[in-house]
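*Asks:* As a plain string of letters, each chain reads:
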Amino acid sequence: MSDSPLAQSLGDLITETRVFRDEVTLITTRERVVEVLTRLRDGEHFEVLTDLTAVDFHPAEPRFALVYLLTSLQRNMRVRIKCFLNGSERAAPTVSGVFASANWLEREVYDLFGIHFEGHPDLRRIVLPNDYVGHPLLKEVPVQVEEVSFTFNRRRIEAGKIFAGE
Amino acid sequence: MGIEQKLGDMGVVTTTLEKAVGWARSNAIWPMLFGLACCAIEMMSTQASRYDLSRFGMELMRASPRQSDLMIVAGRVSRKMAPVLRNLYDQMPEPKWVIAMGDCASCGGVFNNYAVVQGVDEIVPVDVYVAGCPPRPETLIDGILRLQEKIKKEPLKKWQ
Ligand code: SF4
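Residue numbers (my numbering), protein chains in the order written: chain A, 7 to 172; chain B, 3 to 162.
Hints were generated in silico from the structure; no laboratory data involved. Please note that a few of the clues may not be correct.
[Said to hold, decoys possible] Below, a list of computed lysine-lysine pairs in the BS3-like style, where the Cα atoms sit at most 25 Å apart:
#, chain 1, residue 1, chain 2, residue 2
1, B, LYS98, B, LYS155
2, B, LYS154, B, LYS98
3, B, LYS82, A, LYS167
4, B, LYS21, B, LYS159
5, A, LYS167, B, LYS152
6, B, LYS98, B, LYS82
7, B, LYS160, B, LYS21
8, B, LYS152, B, LYS21
9, B, LYS82, B, LYS152
10, B, LYS21, B, LYS82
11, A, LYS167, B, LYS21
12, A, LYS145, B, LYS152
13, B, LYS154, B, LYS82
14, B, LYS160, A, LYS167
15, B, LYS98, B, LYS152
Modelling step: build the complete structure from the supplied sequences, incorporating the hints.
*Replies:* Here's what the structure looks like:
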């Protein structure tokens, strides 16, 4: 564990700190994420939530990592906060109360990964159509949706397209 | 001076109504101003002065589907865009034709994934597929000329 001044000021809220080429990553738990972000915003001048995203490590456990990227314009600094979720829980508290920009970013993570954000004001799909079934960035979803078409399987593939071959 | 003499001087061409209508339709196609992705850039340059689509009777792209009779699907169609595209197609008055411009519109192209429709022939009937990523303006013009050939041969019954 490497020490960083940020981790020291947050104390127990951080379980691990990783520093790689001056990039600081603070690892916390999902219960403490809201408090960590609030403290960083109010006490350390990290006023911008640049991005909020998720990573799927299937089949490893804990399966998901939520990643929060914060920027401080005042101190010209960036920091990355991570928390891990088990495949079975797939839920985390919302941080849209801390950073308003998290509202849409959390909707995107919900849309593509199916992770629920408890207390989110309006958790709907944002990029995919409303009637879409499933969450396509999960590892169990196949990358390709259609077989590559050759002469031997072309007819079968085109059978699914109403207007093909007219 | 009998009429036969006069007609003989002018020359008479006989044709069928079908051919005359097909000829008229094929040389006054109004495409819809509808670009979806990178292919639309090539479509714009096809209309611009260097390649000049108006040489083939397509002076102007109409911004309204109700005034156009050719839809050039220029670019990949995302699943969210698919209902919109179908809606625009339904709003076009008949007779109407569709060109799938580029690999994405024809078969999904490089985007074989959850977000993109694997060829617009899933949602609208396509008359001409133009290959390329993106197709050069010459290729698109070739596709349009082929469509004109097709329109010239079309029976009137098709659009009743
Ligand atoms: S075929 Fe190529 S140029 Fe055209 S929309 Fe697809 S990726 Fe873009």
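*Asks:* If a hint holds in the structure, say so; if it doesn't, say that too.
*Replies:* Going down the list of hints, with the structure as the test:
1. B:LYS98 <-> B:LYS155: holds (15 Å)
2. B:LYS154 <-> B:LYS98: holds (13 Å)
3. B:LYS82 <-> A:LYS167: holds (18 Å)
4. B:LYS21 <-> B:LYS159: Given that 25 Å is the threshold and the Cα spacing comes to 12 Å, the pair holds.
5. A:LYS167 <-> B:LYS152: holds (22 Å)
6. B:LYS98 <-> B:LYS82: holds (23 Å)
7. B:LYS160 <-> B:LYS21: holds (14 Å)
8. B:LYS152 <-> B:LYS21: holds (12 Å)
9. B:LYS82 <-> B:LYS152: This hinted pair is violated, its Cα atoms lying about 31 Å apart.
10. B:LYS21 <-> B:LYS82: Judged against 25 Å, a Cα distance of about 40 Å means the pair is violated.
11. A:LYS167 <-> B:LYS21: violated (32 Å)
12. A:LYS145 <-> B:LYS152: Given that 25 Å is the threshold and the Cα spacing comes to 46 Å, the pair is violated.
13. B:LYS154 <-> B:LYS82: Judged against 25 Å, a Cα distance of about 35 Å means the pair is violated.
14. B:LYS160 <-> A:LYS167: Roughly 22 Å separates the two Cα atoms, so the pair holds.
15. B:LYS98 <-> B:LYS152: holds (12 Å)
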